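Chemist: Residue-level listing of the chains:
There are 2 protein chains.
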Amino acid sequence: MSGLIRSFVATANSAGTQFPLNNLPCGVFSDEKPPRCGMAIGDSILDVEALEAWGFLQFGGTLQTSDWTAFMALGPEAWSRLRRDVTALLAEGRENQDEVRPFLCPQEGAVLHMPFRVAEYTDFYASRHHATNVGTMFRGAENALPPNWMHMPIGYNGRASSVVISGTDVRRPWGQVKGPDESAPRFAPSARFDIELELGAVVGLASDHPLSVAEADAAIFGYVLLNDWSARDIQAWEYQPLGPFQAKATATSISPWIVMSGALAPFRCDTPARGVPLPDHLRDAGPMLFDIDLEVSLAPQGKAGTVITRTNYSEMYYSAAQQLAHHTTCGCPMRTGDLLGSGTISGPQKENRGSLLELSWGGKEPLTLDTGEPRSFIEDGDRLTLRGAATGDGYCVGFGSCTGRVLPAVKDPYARNET
Amino acid sequence: MSGLIRSFVATANSAGTQFPLNNLPCGVFSDEKPPRCGMAIGDSILDVEALEAWGFLQFGGTLQTSDWTAFMALGPEAWSRLRRDVTALLAEGRENQDEVRPFLCPQEGAVLHMPFRVAEYTDFYASRHHATNVGTMFRGAENALPPNWMHMPIGYNGRASSVVISGTDVRRPWGQVKGPDESAPRFAPSARFDIELELGAVVGLASDHPLSVAEADAAIFGYVLLNDWSARDIQAWEYQPLGPFQAKATATSISPWIVMSGALAPFRCDTPARGVPLPDHLRDAGPMLFDIDLEVSLAPQGKAGTVITRTNYSEMYYSAAQQLAHHTTCGCPMRTGDLLGSGTISGPQKENRGSLLELSWGGKEPLTLDTGEPRSFIEDGDRLTLRGAATGDGYCVGFGSCTGRVLPAVKDPYARNET
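Those sequence lines, one after another, are chains A and B.
Heads up: the first sequence begins at 1 in UniProt numbering, then just goes up one per residue.
Heads up: the second sequence begins at 1 in UniProt numbering, then just goes up one per residue.
Hints in this document: simulated from the structure, not taken from any laboratory.
Just so we're clear, the structure is a prediction, and the values are computed from it rather than from any experiment.
There could be a bad hint or two in this list.
Which copy is meant is left open, so a pair is good if it fits within one copy or across any two.
Unchecked claim - As a list, the in silico EDC-like pairs of lysine to aspartate or glutamate whose alpha-carbon atoms are at most 20 Å apart:
1) K178 with D208
2) K178 with D270
3) K364 with E182
4) K350 with D370
5) K33 with E92
6) K411 with E215
7) K364 with D31
8) K411 with D280
9) K178 with D280
10) K303 with E379
11) K303 with E99
12) K411 with D208
13) K364 with E351
14) K411 with E379
Model the full assembly from the supplied sequences, consistent with the hints where possible.
Modeler: Here it is in structure tokens:
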């Protein structure tokens, strides 16, 4: 594992930064100028749109299209070249640093926007600890893992229109719910609104045929933090027989920075040992998980946050490459901008669980926050924040944060004048 | 119910046509000129892109954007005005017919393309006969209808990238399957490839809040025939616990013509009587189903077709308006171009069933085609064709057809040079 790549941007070399030259994540930012493509470096954002406009970068104009979608479609060679070119532009020893400095904008005060257009959104269920926990609660310990679970990454199609950028407030949803002791369903605000701590894989390269695991890995442009907000009471009543629908369509938040696969290469690691062998077309083609530390904090309105869980992406049973390969087995066309949620990432211990459903064991064992307040599920005004970073030798590659505050449900979803 | 609206386009007045002036469905066609918006009239297509370019129609340039998406976003007033304006342009008694005739192109020889950009695709499960049949086969008669089924229209998100225009060949998919008597799953071509006879509702008006049933009805631009190709063996193994995924992502075919809601107004009818009352927010707000006769024919390669089922859209338990209203309960944003499959439309009798799964009762009671051949599921080379039309007093409003031929599976999905 190589060490820190030093930059003439001094803050990119400081011990605490998530954005050293090793990282160079892709985002869309605006300040006095409109939204455009940029890469985080230290406490700054490099304006790559302007760099291409001035001829310092050359990617066929794709960096000048107000988000990363067109560039993502260029494929792995362009992705690697961009990282090389920008590393050279910002390297510590570079001559003529003054010709690059005008393209550095302060992160402070910049507004971050959706970094790409989400084509379609798929969510998986691919952490063994999570699937075991949820299966035990929903179907009992003896039926916790469905019979197919060890043979392929189970997933379902989500709703791309509900994917929002970190910082967006999330309104508590209404939905149809029915408790086990109720004789009929009710239409009411969700009382068991929850998070799912996930990593999202962003598909760069489109395809129209089944992909091998190696091909799938190469088609992934990068990764984002992802919080799949979930209404557990709506989910419990609706999910049989065709899966989650309205329980998962209020919002899914992603981090503003896409960390490119190339930046994560030093942190690759293997999926866990398997008692049940996978079919050939889903077998690992090398280490395709990543050693990324993840955590979630919960801050009640106006109060400090409590870290409620810590886990690691390496806890997954299936990699994003295996998920994407499975996604294409039937010939399903994939498009630039498809977003694949890893599924909730839970670790082996209670304190490693990636959802409040698991952390409070369905509400039966509420957490106690550092403020002394109990929590089973999200309360109005709570801010939930995901963080993630991979740590190398003397540097770290971070995702920034993925945050959202939950607003109270509207009083009447059909009153058109309510604010 | 009003009668035929006569046009100076003589073939639009003939007894057999599906495209009288009452209909005016929206499609995208190309001939010697590139793809553009048109409306079917008799044996012709009215080039509305050119009509707007020449000032005969005025919709802010939306008809000149190579498909109907931008026009659909204008909303119900524009949709009605277009129907009025074109009805006046083509009316039998119109003066200066010669100034309109140059905009009529022959249907014969024209190539039809996707009429709109599918934003996202949702498929429902909302025919009671179908849900009862499938539930009986998959879960037994006593658990046929899930407990939630009578309380809301059950649906799941499908894969928009797999929606194709009628006429597109469909390649038999590979997938993971496991028969009840097999000890382990296999990766193999689907042996139980099937159709689903559906109507698709095309959302015109975007929204970002829960819609009432009346608002949802008003947001629907029109309807298409829809065949949701389904691999039953892949589905049976994968669908628990999160719903269909690869079984439904090979292809979904739609008719090239969108019949606008306005053209179907004379054929509105009520949903069936309900023993279990619906919650207020899902109750009918008027007659929101349509009396549309539907049929499917199956033609083995090089042979004549057999009509294998006849049913009617009025057999649905939930209307598209109710489905769309339910879709938005949690605040799920809807976008122009969202496509909502009705779910398989089965009627009460065996000959009214909308899938081969039901017609052959899971393969146990094969059909006999007019050619004498048996069929349980689709065989390679079979062409499946959906047709649909609503019949008024002296005229009919038709969807044309939605057809596709099934090609044999590739020998190796991962061999890149196989044709």
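Chemist: Take the hints in turn and mark each one as holding or not.
Modeler: Hints, verified against the model:
no.	hint	in the structure
1	K178 with D208	neither (41 Å within a copy, 25 Å between copies)
2	K178 with D270	neither (41 Å within a copy, 28 Å between copies)
3	K364 with E182	within (19 Å within a copy, 40 Å between copies)
4	K350 with D370	within (17 Å within a copy, 63 Å between copies)
5	K33 with E92	neither (28 Å within a copy, 56 Å between copies)
6	K411 with E215	between (49 Å within a copy, 19 Å between copies)
7	K364 with D31	neither (46 Å within a copy, 66 Å between copies)
8	K411 with D280	between (53 Å within a copy, 15 Å between copies)
9	K178 with D280	between (42 Å within a copy, 16 Å between copies)
10	K303 with E379	within (13 Å within a copy, 64 Å between copies)
11	K303 with E99	neither (44 Å within a copy, 72 Å between copies)
12	K411 with D208	between (45 Å within a copy, 16 Å between copies)
13	K364 with E351	within (16 Å within a copy, 51 Å between copies)
14	K411 with E379	within (16 Å within a copy, 54 Å between copies)
The earlier numbered hints that this structure contradicts are 1, 2, 5, 7, 11.
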